[in-house]
Amino acid sequence: MSVSTCPSEPGASSADRPDGLDALDRAIVVATQAGLPLVPDPWTAVGKPLGLDGDAVRERLARMQDAGIIRRVAAVPNHYRLGYVANGMTVWDVDDAQVDRLGREVARVPGVSHCYRRPRHLPAWPYNLFVMLHGRTRDEVERQAEQLRQRLGDACRDHRILYSSRILKKTGLRLAGRSDRQDPPR
Amino acid sequence: MVVLDALDRRLIDTYQRDLPLCERPFAAMAERLGVSEAAVLARLERLEAEGVLSRVGPVFDHARAGASLLAAVAVPDAERDAVAAVINACPGVNHNYAREDPAREQPYNLWFVMTAADEAALTARLEALEAELGQAVLCLPMLEAFHIDLSFSIPWHELEGA
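So the protein lines, in turn, are chains U and B.
Note that the working numbering has the first sequence beginning at 175, numbered continuously upward.
Note that the working numbering has the second sequence beginning at 88, numbered continuously upward.
Everything labelled a hint here was simulated from the structure, so no lab data went into it.
Glycine residues also receive a C-beta, built at the ideal position from the N, C-alpha and C atoms.
Treat the hints loosely; a few may be bogus.
[Unchecked claim] Derived list of chain B stretches under chain U, where covered just means 3 residues or more per stretch with a C-beta under 8 Å from a C-beta of chain U: (1) 98-106; (2) 111-121; (3) 126-133; (4) 138-145; (5) 181-191; (6) 216-230.
Model the full structure from these sequences, guided by the hints.
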């Protein structure tokens, strides 16, 4: 459960990073990850401080989307504000031989927003499947979790629901700009 | 709860994905919705200001753009906020949630996402944080995604009944 168990790829230079992004791509990520400017031509507005025209910004975004680095371009709703105030991170200890098949299956249950396999860290942390559930009440989340438990059946040894009790920090910002030592303010 | 009219809902339903990457995206949206470009921009601005939309733009897969992982620590309730402040001040931390197990069977109560430009920088940040906290951090990188945050069908009528 220490940092040394995290995967790392020491020595990768910026040019051959696995994400294949060059400096301008990364500057576009930094400039757009908190949202586009709401003006008729947002691409030109994004590109101007980077010395790019709007078409170049669009081309680079399209390339990142084709490469899967951009999942979608969207009006991103805040589910909490829409009434989904109960947010349960459910964690499951599922048989390794079946977790991939079952993970794909439970990902389709209504209310699931994210479903990931993650490593166990025994003995403290035996859970290898994470399923994020959203409901209007904890009762609703519990019903969703019960559905998941039934689908996982005997392959699941144990599970927990961890409710968020407080959001202490949340920002869509991830890639810090070159000069940023900290995330910019929200 | 905020009140959303039919156009707000269509806007959200239609553009939870596939916001066009064309030259004038908001004009293209306006055409599809049968309103003016200015009306679309005004709506988006209002929905952002009300917090109904967290943003309008690209959603990056940060596991592929740079490096990130989910991490957790277990701290006594009385120290939780002080420890959270230390974590939040760390460069690269973008989410931090207090979580509780109502059954109190597992102790990890601060859950955060640590990010960095690459894996080596991520490891360095986590090691620095562990040194500052004086305890190990539970590191849970994503190994496989079965479902990621794509669009989410919003049952407007059910929400109104709630």
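How the hints compare with the structure:
Interface restraint, the region 98-106 of chain B with chain U: holds (7 residues with C-beta to C-beta distance below 8 Å; minimum three). For a cut-off of 8 Å, the count of residues in the region 111-121 of chain B with a CB near a CB of chain U stands at 4, and the three-residue condition holds. For the region 126-133 of chain B, the stated coverage by chain U holds: 3 residues have a C-beta nearer than 8 Å to a C-beta of that chain, and at least 3 were required. With 8 residues carrying a beta carbon less than 8 Å from a beta carbon of chain U, the region 138-145 of chain B meets the three-residue requirement, and the given coverage holds.
For a cut-off of 8 Å, the count of residues in the region 181-191 of chain B with a CB near a CB of chain U stands at 10, and the three-residue condition holds. Figure legend: the region 216-230 of chain B, annotated as covered by chain U; annotation consistent (9 residues with Cβ-Cβ distances under 8 Å, at least 3 required).
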